[in-house]
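As they're listed, the protein sequences go chains A and B.
Just so it is clear: in the first sequence, position 128 is 128 by the UniProt record's numbering, and no numbers are missing.
Just so it is clear: in the second sequence, position 21 is 21 by the UniProt record's numbering, and no numbers are missing.
Calculated from the structure, these hints are not laboratory results.
C-beta: ideal position from N, C-alpha, C; glycine also.
Per label pair, the in silico range of CB-to-CB distance:
id : chain 1 : residue 1 : chain 2 : residue 2 : range
1  : B       : Pro311    : A       : Tyr549    : 33 to 41 Å
2  : B       : Gln24     : A       : Asp180    : 56 to 64 Å
3  : A       : Gly269    : B       : Glu286    : 49 to 57 Å
4  : A       : Thr102    : B       : Lys285    : 17 to 25 Å
5  : A       : Tyr549    : B       : Pro159    : 46 to 54 Å
6  : B       : Leu80     : A       : Leu257    : 52 to 60 Å
7  : B       : Ser531    : A       : Thr102    : 52 to 60 Å
8  : B       : Lys147    : A       : Ala305    : 31 to 39 Å
9  : A       : Thr102    : B       : Glu286    : 19 to 27 Å
10 : B       : Gln24     : A       : Lys147    : 47 to 55 Å
11 : A       : Lys507    : B       : Ser437    : 41 to 49 Å
12 : A       : Ala139    : B       : Asp375    : 49 to 57 Å
Protein chains: 2
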Amino acid sequence: MSPKITTELLKHLRQVMKNPKYVQEPVQAYIVPSGDAHQSEYIAPCDCRRAFISGFDGSAGTAIVTEQQAAMWTDGRYFLQAAQQMDNNWTLMKMGLKDTPTQEDWLVSVLPEGSKVGVDPFIIPADQWKRMSKALRSAGHDLVPVKENLVDTIWADCPQRPCKPLITLDLSYTGVSWKDKIVALRSKMAERKVMWFVVTALDEVAWLFNLRGSDVEYNPVFFAYAVIGMNTIRLFIDGDRMMDPAVREHLQLDSTLEPEFKIQVMPYGSVLSELQAVGAGLSPKEKVWLSDKASYALTEAVPKAYRYLTPYTPICIAKAVKNTSETEGMRRAHIKDAVALCELFNWLEKEVPKGTVTEIIAADKAEEFRSQQKDFVELSFATISSTGPNGAIIHYKPVPETNRTLSVNEIYLLDSGAQYKDGTTDVTRTMHFGTPSAYEKECFTYVLKGHIAVSAAIFPNGTKGHLLDSFARSALWDCGLDYLHGTGHGVGSFLNVHEGPCGISYKTFADEPLEAGMIVSDEPGYYEDGSFGIRIENVVLVIPAETKYNFKNRGSLTFEPLTLVPIQTKMIDVNLLTQKECNWVNDYHQKCREVVGAELERQGRHEALQWLIRETEPLVRVE
Amino acid sequence: MSPKITTELLKHLRQVMKNPKYVQEPVQAYIVPSGDAHQSEYIAPCDCRRAFISGFDGSAGTAIVTEQQAAMWTDGRYFLQAAQQMDNNWTLMKMGLKDTPTQEDWLVSVLPEGSKVGVDPFIIPADQWKRMSKALRSAGHDLVPVKENLVDTIWADCPQRPCKPLITLDLSYTGVSWKDKIVALRSKMAERKVMWFVVTALDEVAWLFNLRGSDVEYNPVFFAYAVIGMNTIRLFIDGDRMMDPAVREHLQLDSTLEPEFKIQVMPYGSVLSELQAVGAGLSPKEKVWLSDKASYALTEAVPKAYRYLTPYTPICIAKAVKNTSETEGMRRAHIKDAVALCELFNWLEKEVPKGTVTEIIAADKAEEFRSQQKDFVELSFATISSTGPNGAIIHYKPVPETNRTLSVNEIYLLDSGAQYKDGTTDVTRTMHFGTPSAYEKECFTYVLKGHIAVSAAIFPNGTKGHLLDSFARSALWDCGLDYLHGTGHGVGSFLNVHEGPCGISYKTFADEPLEAGMIVSDEPGYYEDGSFGIRIENVVLVIPAETKYNFKNRGSLTFEPLTLVPIQTKMIDVNLLTQKECNWVNDYHQKCREVVGAELERQGRHEALQWLIRETEPLVRVE
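All chains, full assembly: derive it from the sequences and hints.
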């Protein structure tokens, strides 16, 4: 990896920072955050401004360019990569280290008195703006919104914003029509006495209208906003996508509809002026509901007294609780996904000993098998295909420079998933194609014990996910081991593979109570730097649990694994399992054999079926 | 319980709310919070202003009196008691219920436009003032500080503020001299670049100077403030307590000392004016460190730009990590406490069948046995002595109206503790003096499993207590049971039985990471309304744990029980325990037998020793 040469680019950027064509007054610093205007986790190429200006293309980082300096803040996952990708114009600010200044502190230390710091108001979330603006103001500087994105002005070959065709999802997939979703949303709005709701997150727009897109890789979303009033629906979206007859019919654009369901389609770029018009026309007590993560630009469009901001929107919460059609779809998707992985692992078992399978080849093969399944759309994230020491890099993605060959001497970790029209998958299996060492088996078994402890946990209705995180670590902790990531994230239904508002993590910020119908991942791990990585991940559905008693009539919950891929028994030290844990593994494998076996049979995949049967032989524990 | 008649009192209070002798302008509402000027959990009789004005004497509640109304906010523990103790002048505001307005919302709904709401600025913490003031201001009202406490002006027979003699603690108890504590504090101040530190919590003043008092029941503290500068020490304290030669010598008041250790003793009431003088003399960058829970009055004395507020003070954190002298003292105190409880339970076993022992008699007997032990000072909280249905009332305290007789047919729960000069104890045991039912044993055993899960947990250095809370509940959750309180609290060393900044709770606010030397309680329970209560509580010390591996060299921690009182094996359903849990109980009992047995022997308490030996017979688990 050679660094990007940014001398000219930075010179150019510093010119536009003073150019009255773009800025009312010169700005002495310009902030280039990671995100897009929707605060998406995954972004389109046209939104990769920070990568363009610096060369550093990791998923998280913020660049700040002043007249003299250029600095990049990123976290421990990316210290090495950022250092390799950036040239000497850049100073790397290693977040999480004691001596690293915050962006605010650094700005205050380097800026001349009374400076202006510019930022694109569409890219910075309102809560971040507030924090940074306050810090700068108290030091005599000003954070100012710069309407035109300054990186865009110097980005000659900036890719077009994607504008791909839409997919309509009928009731058999969604379970609820978009009209009923609007009705439910309006009733939540009435409860909170708000008159308007602004939908800014891309997956929330997609979910609300039962539409999907492919504007962003891995995430079946499309660039759009929506503003929902008690009697109006405005959808802000570009291109001729609304000319598609299927979409027109789905949204009933040409039908005679009750006025409150009539969708006004408007250009994507007009959302700010339309929202400003809404804001200007408000009478007292007419509030506008926004996520507190919405952009500063849209938040400012509503006068402060009329804003109603919450960390989670009612759509985010409704979307998280899957209905029967969605859970049935997720079950189907996971069975198909398991078929693909049985094929893959059977193939790997034969091919790996030949020494011809690299991490990239294995990842491609996984995609090939998945793409053979019905309703396959695309992958749900970049496949983590890693062997030996690469497995210890938690967010690894094989590239030619790092690509290792799978062998019978190393552990192989595959974390992968796909988007099917009926659901989203995300599964990690850790395999050995030779003979694992006692130590590798020991570590694998602790991780498995943690996985089971969460999956089999019974807990009261209303429990927050963070209260389950320690269950996943307990067996590792007993031996002085641990892993430095959370245990689980919410999973969308043919939507983003990471979604809020629930999860399982030692970090306790903003996680909403678990309820039946929510879907999360359960993925403890153990990573030994320079040697190997282990992770066992299932996607699990929150379901009601039957219990002997029922304290205060609260009811109890537990998890049902949706992922049905065998856990390699060769890696398990059976003597470290309790009888209960052993039974869990055997019951799980029995279910894999029955459910996935039937589908393999149906698809005529006999060799993979034989593999499945071999891999699901019951464990026997010797007391 | 008959309600207090408050008609005249309220009339009187409403008069002084308009009396220019006390208020600059009339106030339309007056807030009477629970606390004292030090935000203490336990308060002196002279500070029970809310109880005086309303009749309601529970530990938590806030009264607000307007010209027309009087309202009392309290939580679920006290709905019944408050309703019984207050007359019809009062409206009970049940906190936690959906339709109950907040104090701010209620005030806004009842006050005439542009009202003034008064409060004693010494009683209201700065963070509460800020919240309430903001809410009132945005509705056009004003929160105003009323210097003289208006309840005091109408409280004819208000008790004197206690001013009892002090106890000096030498190095054998404290391990660190007060001078060394000042040096350590100043180094923390230098780290944070603050020039002054204001000590407002009573236990922090007591800990810092290695002094104890008895101004507040159960808490060995005394009314005082301290203001520590980099070169000065000011102690604000009343009475002739500083005339005591032992105290003078302890504080070296008459010695030639380096000036930075010279203590200036000043009247308790002069802290505000002295702090204002400090505040007025500050030069830029000279910050003053205060707890954000300090009173509004003291916080306001320091100009805003010079304030450095933190949720926990460096004293609070230093105090929580006990040194060897303190842990040795705590061990001794717990052995003596166990001797007293062995005597008590042996006595109860003989007396209960006679039907003559009430909850109050049992509590008194426990105190009698404790008072026979060396260095006994007083109880550490009001004994919870409860049998049958009373056991299900979590904060029960027996009074003549509720006093039940212990019997061989009911479960008995005793939660009690004492202050010894060498340490503070807090222990709960649940006993049956007849034959417990299978269901009672089942519930007891789940609680025991939870107790063991926390006590035996191994976890990485730096883990916060809330991450352990679910371990205590897991066995109950499996059967659909739970308990509605936290699992543990910090315990002082001959100081308050509840102290910050660590604890074990599903509530995650502000708990500092656990480290070796911290002391917390481990007290899961189960409560069946109208039937029985079960709780098993040990005080445990955080100690380093030996583990097979050591991930990232972080080191591991676990707990050592300081409490050494047998857990009634009659209540245990051995078949519900794992072998590991069974071993834990047997090891624990073995230690009780050895350590407490030796002390019983030494004290010649042979009958109690025989009881201990019987109660610590090993459990045998039939596989």
